[in-house]
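K.L.:
Listed below, chain by chain, are the residues.
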Amino acid sequence: MAAAGESAEQFRARVRAWLAAQATGLTGSGSDDVVEQAKRFQAALYDAGFAGISWPAEYGGQGKDATLQQVFNEEASGYELPTSPFMIGMGMCGPTLVDLGTPEQKTRHLRPLLRGEEIWCQLFSEPGAGSDVASLQTKAVADGDGWLLNGQKVWTSNAQWADFGAVLARTNTDVPKHKGITMFIVDMRAPGVEVRPLRDMTGKSPFNEVYFDDVRLPGNAVIGAVDAGWQAAVTMLGHERVSIGSSARRRYDPLASQNLVELAAELDTGTEPDVRAGLVDLYAAERVLSLFNTRLQQEADAGKAPGARGSVSKLAGALLLWRAVEVAGSVAGPRAIAWDPEDEGDQLAVAINGTPASSIAGGTNQIQRGIIGERILGLPKEPQVDRDVPFRELRVGTQTSG
Amino acid sequence: MAAAGESAEQFRARVRAWLAAQATGLTGSGSDDVVEQAKRFQAALYDAGFAGISWPAEYGGQGKDATLQQVFNEEASGYELPTSPFMIGMGMCGPTLVDLGTPEQKTRHLRPLLRGEEIWCQLFSEPGAGSDVASLQTKAVADGDGWLLNGQKVWTSNAQWADFGAVLARTNTDVPKHKGITMFIVDMRAPGVEVRPLRDMTGKSPFNEVYFDDVRLPGNAVIGAVDAGWQAAVTMLGHERVSIGSSARRRYDPLASQNLVELAAELDTGTEPDVRAGLVDLYAAERVLSLFNTRLQQEADAGKAPGARGSVSKLAGALLLWRAVEVAGSVAGPRAIAWDPEDEGDQLAVAINGTPASSIAGGTNQIQRGIIGERILGLPKEPQVDRDVPFRELRVGTQTSG
Amino acid sequence: MRLILDDEQQQLSATVHKVLADHAPATRVREVMTSDVGEDTDLWRRLSSELGVAGLVVPERFGGSGAGHVERCVVAEELGAALTPVPFFASAVLAVDTLLGLGDDEACAEFLPTVVSGESVAAVAMATADGMWGAKPLPVQAESTGDGWQLTGTAPYVLSGMLADVLLVYARTPDGTGVFAVRPDASGMTRVAARTLDPTRRIARLDFAAAPARRLGTGDAGELRRSVGELAAIALAAEQVGGMRRVLDMTVDYAKVRVQFGRAIGSYQAVKHTCADMYSDTEQAISALRYAAWAADHDRDALPGAAALAQLYIGPSYFRAAANAVQLHGGIGYTWEHDAHLYYKRAKSSELLFGGARQARERLAGLLDLPGGS
Amino acid sequence: MRLILDDEQQQLSATVHKVLADHAPATRVREVMTSDVGEDTDLWRRLSSELGVAGLVVPERFGGSGAGHVERCVVAEELGAALTPVPFFASAVLAVDTLLGLGDDEACAEFLPTVVSGESVAAVAMATADGMWGAKPLPVQAESTGDGWQLTGTAPYVLSGMLADVLLVYARTPDGTGVFAVRPDASGMTRVAARTLDPTRRIARLDFAAAPARRLGTGDAGELRRSVGELAAIALAAEQVGGMRRVLDMTVDYAKVRVQFGRAIGSYQAVKHTCADMYSDTEQAISALRYAAWAADHDRDALPGAAALAQLYIGPSYFRAAANAVQLHGGIGYTWEHDAHLYYKRAKSSELLFGGARQARERLAGLLDLPGGS
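Protein chains in written order, with the working numbering: chain S, 1 to 402; chain W, 1 to 402; chain A, 1 to 374; chain V, 1 to 374.
Note that these hints are calculated values from the structure, not bench results. None of these values were measured; they are calculated from a predicted model. All C-beta atoms in this analysis are idealised placements derived from N, C-alpha and C, irrespective of residue type, glycine included. Among the hints, erroneous ones may be present.
As the list claims (entries may be wrong) - Far from chain A, by Cβ distances over 10 Å, these chain S residues were calculated:
{"id": "1", "residue": "18"}
{"id": "2", "residue": "66"}
{"id": "3", "residue": "87"}
{"id": "4", "residue": "174"}
{"id": "5", "residue": "271"}
{"id": "6", "residue": "302"}
Said to hold, decoys possible - Below, simulated PhoX-like cross-link-like pairs (lysine-lysine); rule was C-alpha separation at most 20 Å, straight line:
{"id": "7", "chain 1": "S", "residue 1": "381", "chain 2": "A", "residue 2": "136"}
{"id": "8", "chain 1": "S", "residue 1": "64", "chain 2": "S", "residue 2": "381"}
{"id": "9", "chain 1": "W", "residue 1": "139", "chain 2": "W", "residue 2": "179"}
{"id": "10", "chain 1": "W", "residue 1": "64", "chain 2": "W", "residue 2": "381"}
{"id": "11", "chain 1": "W", "residue 1": "381", "chain 2": "W", "residue 2": "179"}
{"id": "12", "chain 1": "W", "residue 1": "106", "chain 2": "W", "residue 2": "64"}
{"id": "13", "chain 1": "W", "residue 1": "64", "chain 2": "S", "residue 2": "381"}
{"id": "14", "chain 1": "V", "residue 1": "256", "chain 2": "W", "residue 2": "381"}
{"id": "15", "chain 1": "S", "residue 1": "381", "chain 2": "S", "residue 2": "179"}
With these hints in hand, go ahead and build the complete structure from the sequences.
P.N.:
So, in structure tokens, the structure goes:
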């Protein structure tokens, strides 16, 4: 229950006490009932007044200052919370509905999300549309007072247990690619939706391919306006970058400097000059990035919108991981690449093998640099060969479009 | 005098003995009579059979295998030879005349160059045409049986004492930029040629601005064909990259690893872990690049032309210098940035301050990467917005063209 | 912690910016840097007396405004951005911090008011012989005579040492480190102007041969020297951040207007992405700086770590940014006439001052509790 | 020195390339790597018996061809390019070099012919407990019994240790380092398959508890262990160079066909310039490799430096190339189905084998005559 007139420090104390009581010993992974656990935890967060801290109160949020969300995140970073099934909904889809949804959509979806009743996924990328999301080929064709959805999406996290998805589909192929896209809410349990797990390079399946075969969407499924889906996507991607960039390096990340310092002590490699220098430099880079994130938040609280600067967080965070991989190698040596079955080498190896994801997913480093260059620094765009071409005449991916 | 049927090892022995006798104690810089000294030395090289080792014998060269030039360079790398006024002529203009010159041009120019009688410079770059050399605005207009040259060149090394220059000028503005350029031999003593020294960021003036005001060029000054100057420029730039890339790190370069190792010993910083690691890594990078250059040479001798791979040498050499600057800082600490008037700190400081040149002059690192990507790897070009545009309609530099 | 500037601090920044733009543009900087003195003494008096830039951390009773380190860093940022050749660092940072830290009210009352007003310039000798500011023995030895002290030894790397009216010297004494005031005309002292890589910052060497000196404060000033070094690292970080912002702006502006191959070079990814990396580095550097400045004012326990963090992160970042600025300007950036080289040299020189990355790394290693080290 | 391949060597390269393309494409590699054994024993016998890849540095009298290290590196390059999971490294590099270096003709005659023909597989235990191959004490102790020797201790990081028919173990003896042959069914020996980051290279741990063993050769094998380590670093460098070439090719090919924003991604400088850097690194890596292989054949004095140079330069270069390959493939490169990850893992694992950059750096520091170090 949210206390009125509470100071930031009182709030922090309340968060700390609650987490100590409710979150100690929880884990966010490995469990078969990960979804059930996540739903229980999200419901408990809601009941305690920690769900949607800065979301509007009329739709179930707490209506508070965004700084308090930051306070919550700081306190939570010491725990391995079972929240991953809700990350897309809480970090991207929900905030986008807050911005662009109809009152009806907000009423229908926000509170169930906050209460942990419904899981969301985001359906943007396609095999032929990666960095170039707007070249997507999934189509929604008007059908009576609704739409028929056909196509294939990929890299869809949480699709295997999602109740709803925010999907981008092409609704007009006669106009240039950005102008004929619409964003819809899709019921992931609807007939014609098929979800297939997709294995990543660590051997895990954190994401899926999703196939739509004549999936029927009602008319009120449109988020924003018809053919204005690109603007909606930009809004959602903005939330995504902030969400990725500002998530604190977690205590249990084997590549976090603190954990590598401990590993060096355990393996007795901390006196090696390369290990010492590597750990210090990694710590410094981590700390400076976290200070940047705090500053961004303070500016936002002071009324200066972060704009595209979330891209700096995301880019710097991804680059930081590469540095961490190198340091991990010097800390652990061959022990990073082969270990006894009874040892815990897996965690470090999986982290090393999973590192490329941060530089690709949610917009590659190259895309982030382009965003920073163009939207923040105002540098001119490259010649856009596809700008004025009707989508149906475009080459996309390794195929022809249409 | 060239000995017939001499083996590479005999040749090496002969070079070594000659250099020991003739080159010990010479310096290539600082002297007022640098040109006179260079001319005397070049004449001595010629007399000893070491000038133009792989150039055709009929025009004064030695007509030998290019490996022997490499052997000579290796032996010479231990000396500070006073050859800089001849580097453009020997490394770029001469080889281009060998490739493209008329018999008359070769006869007139090659032997005097080899004998140290005439100094050359290269006149390509302009204020508005840097990386984009082909956007040059200097014009040559047909005038009787010759041409009238007008315009401004910049970054022209050796212009202050050059007898001749290879100049690119626009001879047709109605065609796209690459198609209306011609290369000429210009007499640098001709009326209308004005040379002004240009200071670089180290405070020295190793290059000049050159102004052409109605300079008259005879008809036989064309190198290659009229309006085919771009091809001639590509030929010359290819020689330039090889010339820059393959020049061994010199013994007297304060940023060479060997000298930094000695400096570390002198300053007693060689036990610092960052200094040790930096010096070893620098040495390794230097050595590997030098092995690459040797391999390139061996492939050339075996009949496989280096093609654009000189760009790898040039790029890697430039990147190496940046690494050396960092290592120099850790070796010397604040002693790199302030020193007693009686000390020799200048040399290191000038080398640090001069480092950016290697990544810019002779084609920036960015240009080299483009060459490698397109000409070696066959990656597609960027959209060329200026490809089919007549030159007179183009924007160049920070001005309009024409 | 607070990492953003309030309205008043932003106002200070804008004011200093305007004064420097009006009175110390690049043409003036070049004029001064090639002069014999090498520092703009008129401008320094004006900045001190009219804007109070030398007294921002000095209490009012000694003539300052008692504003704080965040404010001093705001000023340092602008001076670093404009490369203004004034004795700010020597007088308003090293000397002020030394005097305030001594706990010697008499010395403060004697020296600070004129230092704050700009009427006098103070310089500080605190580096070891190898140019570090760390633990090695100080190169100057103080010996007690009957009625005072005498200094003997050689003090290198004294910023604004030629210009200063008073020299504060950290020296070894029988009872630890002491701070001594020496007048420039003291017998037995010789000042030698160093040659420098960076033309916009003057450095001197001081030779002492039984030079009479006056001891300030009491007790061991070893800890003081350390904390003065930390505050100096933070002020330096502010200068560096100012320089980073300026070279980024210069480069972005140029990339928008310079055309090659028919389009602005800023439209090429090789240029655009490098600018993006410069921006990312700069934004992070600003954050590290604000934190360190905040710690200097509000959290002295966090100060050593915050200072080392700023120094370790910002030094190399500034040099990288300045080198990229030269690179992205191409040939014109390599000329003497263009200002890019002045930032390049300042960045390299700043990176190696105050012990550089090596010392900062060692300090952070200690705070991270890593074993080993020298 | 000779840094280019002659016609015969190029022919060997082409032959091995074709056999691997025909018989060990990526689909087969994946099949083998997920099997229990994890190595393609059929293919290994074929490569050994038909192409003689295991006997390239073995004299004819022991069944080899006596070709040389350049040739062995040519083969290693192709195996590294195809990620072929065969016991080449254990059997044809570490074991062959150990046996040849012992100066024990009897042992050579006994073991080499079947190792060369592929009928048997030999593995070598030579790492210290922390996985280094350097100066620390060996983790296995040999004790003389009346009629032979017994081994006690734990040997980590034994490549192909589970598959091997004979295990060669470097162990401490009262008279220095000794090499011992142990049969896989020896009493007192247990083999434990390690879990690995890289699925295409199997590694085991050997536990010895008074396991009977036979000593090979006489005298101290400490120097032998060092030179075997150097030759291993060179063979590993060859594998790495093969991998670099392959990921570069894969990436360039993909960059030519993948379209985003209406044009092939290889036309973007962010992609093109990264490929150019990969090419530059690869070409330099090839040069370092050729030199090291040449030194192994023709200049044993230069071998330590050449091996350390190759290891220091090529290890990080390969990982950078493999990471860039994943990056430039984008999402598809991050999937299990795409081969990019297999190179990424091989590159990381190779970078940390045989002491990695740290050990190579220390060795070069010694050769450069730098003071300090451990």
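K.L.:
Please go over all the hints and tell whether each is borne out by the structure.
P.N.:
Each hint tested on the structure:
For residue 18(S), the requirement that its beta carbon stay farther than 10 Å from each beta carbon of chain A is met, with the minimum near 24 Å. The claim that residue 66(S) lies off the interface holds: its Cβ sits roughly 14 Å from the closest Cβ of chain A, which is beyond the 10 Å cut-off. For residue 87(S), the shortest C-beta to C-beta distance to chain A comes to about 24 Å, beyond the 10 Å cut-off, and the non-interface label holds. The claim that residue 174(S) is not at the interface with chain A holds, since no C-beta of that chain comes within 10 Å of its own (minimum 29 Å).
Remark: the non-interface label on residue 271(S) conflicts with the geometry, its nearest Cβ contact in chain A lying 4 Å away (cut-off 10 Å). Its beta-carbon lying about 6 Å from the closest one in chain A, residue 302(S) breaks the requirement of being farther than 10 Å from that chain. For the hint linking residue 381(S) to residue 136(A), the alpha-carbon distance of about 54 Å lies beyond 20 Å, and the restraint is violated. The straight-line distance between the Cα atoms of residue 64(S) and residue 381(S) is roughly 38 Å, outside the 20 Å bound, and the hint therefore fails.
The straight-line distance between the Cα atoms of residue 139(W) and residue 179(W) is roughly 14 Å, inside the 20 Å bound, and the hint therefore holds. Simply put, residue 64(W) and residue 381(W) have alpha-carbon atoms about 38 Å apart, too far for the 20 Å limit, and the pair is violated. For the hint linking residue 381(W) to residue 179(W), the alpha-carbon distance of about 18 Å falls within 20 Å, and the restraint holds. Distance restraint check for residue 106(W) and residue 64(W): the Cα-Cα separation of roughly 18 Å lies within the 20 Å cut-off, and the hinted pair is therefore satisfied.
Distance check on the hinted pair: residue 64(W) and residue 381(S) sit about 52 Å apart at the alpha-carbon level, beyond 20 Å; violated. Between the alpha carbons of residue 256(V) and residue 381(W) the distance comes to roughly 10 Å, so the proposed pair stays at or under 20 Å and holds. With a CA separation close to 18 Å, the supplied pair residue 381(S) and residue 179(S) stays within the 20 Å bound.
When the structure is compared with the earlier hints, violations turn up for hints 5, 6, 7, 8, 10, 13 and for no others.
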